[in-house]
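Chain R is already provided as a structure; the job is to place chain C on it using the hints.
Keeping their order, the protein sequence lines are chains R and C.
One rule links them: number in our numbering = place in the first sequence (from 1) + 1430.
One rule links them: number in our numbering = place in the second sequence (from 1) + 7.
Keep in mind the hints are simulated off the structure, nothing from the lab.
Predicted model only: the values in this text are computed from it and were never measured.
Quick reminder that beta carbons are idealized off the backbone N, C-alpha and C, glycines included.
Hints should not be assumed to be uniformly reliable.
[Stated by the list, open to error] Straight-line alpha carbon distances no greater than 20 angstroms define the calculated EDC-like cross-link-like pairs of lysine to aspartate or glutamate that follow:
1. C:K262 / C:D184
2. R:K1494 / C:D196
3. C:K175 / C:E108
4. C:K262 / C:E287
5. C:K262 / C:D277
6. C:K175 / C:E256
7. R:K1494 / R:D1507
8. C:K262 / C:D196
9. R:K1494 / C:E257
10. C:K262 / C:E193
11. C:K262 / R:E1491
12. R:K1494 / C:E193
[Claimed, not checked] From chain C, some residues computed to sit far from chain R (all C-beta separations above 10 angstroms):
13. N77
14. M92
15. R96
16. R99
17. A116
18. D117
19. D167
20. A170
21. V174
22. I179
[To be verified] Residues from chain R that face chain C, not an exhaustive set, calculated with beta carbons under 10 angstroms:
23. E1451
24. M1478
25. F1482
26. E1491
27. V1498
28. R1522
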Amino acid sequence: MRSIVIAGVLAAPLLSAMAAEPELRPGPGREQVQANCGACHTLAYIPMNSPFLNEAQWTAEVNKMVGVFHAPVPREDIPAIIAYLTAQYGPR
Amino acid sequence: MRRREILAGATLLVAARPALAQFDPRLPAGTREIARMGALPGKRQLIELTDRPPNFETPLDAFRTPITPNDRFFVRYHLALIPEMDELRDWRVAIGGPGAERSVTLSLADLQRIAAPVTVTAVCQCSGNRRGLFQPHVPGVEWGIGAMGNARWTGVRLRDVLARAGVKSDTIEVAFDGADGPIVPETPDFVKSIPVARAMHPDTLLAWEMNGQPLPHFNGFPLRVVVPGWTATYWMKHVNRIELRTAPEENFWMKAAYRVPRGLFPTDMDFPTQMTQANEPITQIMVNSLVTNLQDGARVPAGGFDIEGIAWDGGHGIRSVEVSTDRGETWQRARLGQDLGVYAFRPWTMRVQSGRAGPVQAMVRATSNAGQVQAARLVPNPAGYHHNVIQTLEVIAS
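Bound-form chain R, shown alone (with noise of 0.2 angstroms):
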């Protein structure tokens, strides 16, 4: 089931004008972020939570995403998407 809900993620149309996501800062990472983070929720979720989280607040909670709520992002993916969340988003 997991799986083919990933691939409806990937292969979905675009079906209608759904509302705009926010632009989230340049930086490396960002692709992995986009794709994984936005397949369940607004990338609004990031920047509203800016700028506060140290890294290891920002991993615990993509661990929670992963671990608790069973995010499909791959393993492989996690160590940049915690590098761009704590460089884009972290404490100023």
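What follows is chain C alone, placed relative to chain R:
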């Protein structure tokens, strides 16, 4: 939203959002960048924090009346798959579980025939209302002051519905599931339970009306749980399954989320089957108040001006609202307005004569009929719940 539309959202349309300066400067900077005015179907403009799932906050001016209009009432979802109205019309709620004598399935018409309708006026307040004002900030939906509203809820007493299934004596919790769900099937569905004693309380309802109208789509159409005095996490929307439980509900939303350090916040009714050594579920709303006619930086006449607002608590009602213009040295009692019941917003008003030009600071504190007073300082807790710090309004007299 249907599943395919949600998935289409993942195709990542990108647009810059205009930054608006109108949002509370105490919110995280990133929250102020993404927040914008937005309207859901059936709603007027609310403060949009997220659209998928929808989390929309009621603006301050909607609190000028003690009843919050349906089309300005806040919206909060955890999970992004929300049934469309046409999927919700032919409604059934299934009641059963190990604590039930029998399983029953009831339509809305069945529920409406059980007893004469009951109406309770009550504040529905998100546990995390004002989370965005926490210092230091904590993660979550970064709400300002508007993740709450007060409405007249009409429906049937939950205990009268449960009687149709028969409540066995070893029932300890009653759990609710709604029709909304996750994108990924393995994500824990949003299911919440309450102690059986709270379920049998005469003010706990299954409601189909809000302020005399059918529930709005995004406030739980056609049926939601109403637990007056308790935070909104238990007010399950689109409720379609009710389980009488003889063992505690063990899911993420009960065991890990919506928890506060044990004993930190007073409550009239413990949740004994969910307590651990360290923490317990959030339950009752803490006494609170809000100035609704003025914001920080407002210009007011030095000759005198009115401060107006609302106060509320978790079901004792408001004993007093006091205002101090000397940084808390002395307090004057505001005049309380119409009493809509112990669970409702209580309006209040206070005339302030500053007598001179320049900055005027006004602190506001409410006290409940149980003697609970608003917090002088924030009570930190990991998830950012129960923000009820005394408001300090700063205006300019001229």
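Results for each hint:
1. C:K262 / C:D184: OK: K262 of chain C and D184 of chain C at ~16 angstroms, within 20 angstroms.
2. R:K1494 / C:D196: Since the Cα atoms of K1494 of chain R and D196 of chain C sit roughly 15 angstroms apart, the hinted pair holds (cutoff 20 angstroms).
3. C:K175 / C:E108: Measuring from Cα to Cα gives roughly 6 angstroms; hence the hint holds.
4. C:K262 / C:E287: holds (9 angstroms)
5. C:K262 / C:D277: holds (15 angstroms)
6. C:K175 / C:E256: Distance ~17 angstroms between K175 of chain C and E256 of chain C Cα, so the pair holds.
7. R:K1494 / R:D1507: Distance ~15 angstroms between K1494 of chain R and D1507 of chain R Cα, so the pair holds.
8. C:K262 / C:D196: holds (13 angstroms)
9. R:K1494 / C:E257: holds (17 angstroms)
10. C:K262 / C:E193: holds (17 angstroms)
11. C:K262 / R:E1491: holds (17 angstroms)
12. R:K1494 / C:E193: With Cα atoms ~13 angstroms apart, K1494 of chain R and E193 of chain C stay inside 20 angstroms; holds.
13. N77: holds (22 angstroms)
14. M92: holds (17 angstroms)
15. R96: Correct as stated: the minimum Cβ-Cβ distance to chain R is 22 angstroms, above 10 angstroms.
16. R99: holds (25 angstroms)
17. A116: The assertion about A116 of chain C holds, with a minimum of 34 angstroms to chain R.
18. D117: About 34 angstroms separates D117 of chain C from the closest Cβ of chain R, which puts it past 10 angstroms; holds.
19. D167: Check passes; 36 angstroms lies beyond 10 angstroms.
20. A170: holds (36 angstroms)
21. V174: Given a closest Cβ separation of 32 angstroms, the condition holds.
22. I179: The claim holds: I179 of chain C sits with its nearest Cβ about 25 angstroms from chain R, beyond 10 angstroms.
23. E1451: holds (6 angstroms)
24. M1478: holds (5 angstroms)
25. F1482: Result: holds, 4 angstroms to nearest chain C Cβ.
26. E1491: Given a least distance of 6 angstroms, the restraint on E1491 of chain R holds.
27. V1498: OK, holds: V1498 of chain R within 10 angstroms of chain C, min 6 angstroms.
28. R1522: holds (8 angstroms)
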